[in-house]
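A.B. asks: To convert, take the position in the sequence shown, counting from 1, and add 112; that gives our numbering.
Treat the hints with care, since some could be wrong.
The calculated lysine-lysine pairs, modelled on DSS-like cross-linking and capped at a C-alpha distance of 25 Å, are [to be verified]:
no.	residue 1	residue 2
1	Lys-349	Lys-198
2	Lys-194	Lys-371
3	Lys-198	Lys-357
4	Lys-371	Lys-349
5	Lys-371	Lys-201
6	Lys-371	Lys-357
7	Lys-357	Lys-201
Worth flagging that the hints you see were computed from the coordinates, not collected in a lab.
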Amino acid sequence: MNKKQIFGVSSLVVAVVLFSSLLVVSALASHSWGGYHWGRTANPFTLNLGDNVSSAWDSYLSGSSSDWSQSSVLDTVVVSGKTSSKTCKPVAGRVEVCSNRYGRNGWLGVASIWINSSGHITQGTAKMNDTYFNTSFYNTPAWKNLVLCQEIGHTFGLDHQDEDFSNAPLGTCMDYSSDPILNQHPNQHDYDQLETIYNSHLDSVNTASQVSFSKLGKLVKGVISEVNAEEDKEWGKPVRESHDKRSSLYEKHLDRGEKVYTFVIWADSSYR
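When you get a sec, could you build the whole thing from the sequences and use the hints?
C.D. replies: Written out as structure tokens, the structure is:
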């Protein structure tokens, strides 16, 4: 083997090693949402998902709850909703899941979490826009599974694994993809990330319990109307863009150090 051949083989080996390293780094990349988590005194903890969806969504909500409950650190239970599907107002200590015709406003799904001054999630909402899901393009099991699973996953403190719709699917609902077939459920990396988030420490309070935090519900309702006038739109200020240059994450400041974070997944521009 001459020097040119040796150099060529060496270059190939280096390229393979670098590519393998990139795959490992990608697989191990964190997709925690700012370290936000529900306060809890033990694992696994139970989180109620309020059912404010239409009958067309019930099986998807049940399936997503079952998927996420495979985590070793949390269980989700579908319970009767405590809000209207149109307003989808938050309720302390739980996640309200809603579906309705919210209009041609561009968004397909929205997840919001309320953070107290200690950095704990105190309540959440997940909304599915039937204005788009009633179209032939989005009215499929794959799209409904992906978006519902993703919005609920955000309310646990999970971020996206990838935000480029043109990339190959990662096999998780926490991935943006133009092809939802392979991205309908959580994958092992999602469960591993939840373990990393919730096994790091326990808390002295359980914010996923409405009974023990009944006062918090009144507090949050009281400060919602006191949002800074400078902040933009109902979601607050955009703080991050996805790969398609659309704002995907918004932040709204409330009184007493509390915040609301909102993730938005936009409908394809061809169907808005």
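A.B. asks: Look at each hint and say if it fits the structure.
C.D. replies: Comparing the hints with the structure gives:
1. In summary, the hint linking Lys-349 to Lys-198 is supported, as the alpha carbons are separated by about 23 Å, within the 25 Å threshold.
2. Annotation: proposed proximity of Lys-194 to Lys-371 holds, straight-line Cα distance about 22 Å (limit 25 Å).
3. Proximity of Lys-198 to Lys-357 is assessed by CA-CA distance (about 28 Å); at most 25 Å being required, the pair is judged violated.
4. In summary, the hint linking Lys-371 to Lys-349 is supported, as the alpha carbons are separated by about 11 Å, within the 25 Å threshold.
5. Restraint check for Lys-371 and Lys-201: satisfied, since their Cα atoms lie roughly 15 Å apart, inside the 25 Å limit.
6. Proposed proximity of Lys-371 and Lys-357 is supported: the alpha carbons are some 24 Å apart, at most 25 Å.
7. With a CA separation close to 29 Å, the supplied pair Lys-357 and Lys-201 exceeds the 25 Å bound.
When held up to the earlier numbered hints, the structure conflicts with 3, 7 and fits the remainder.
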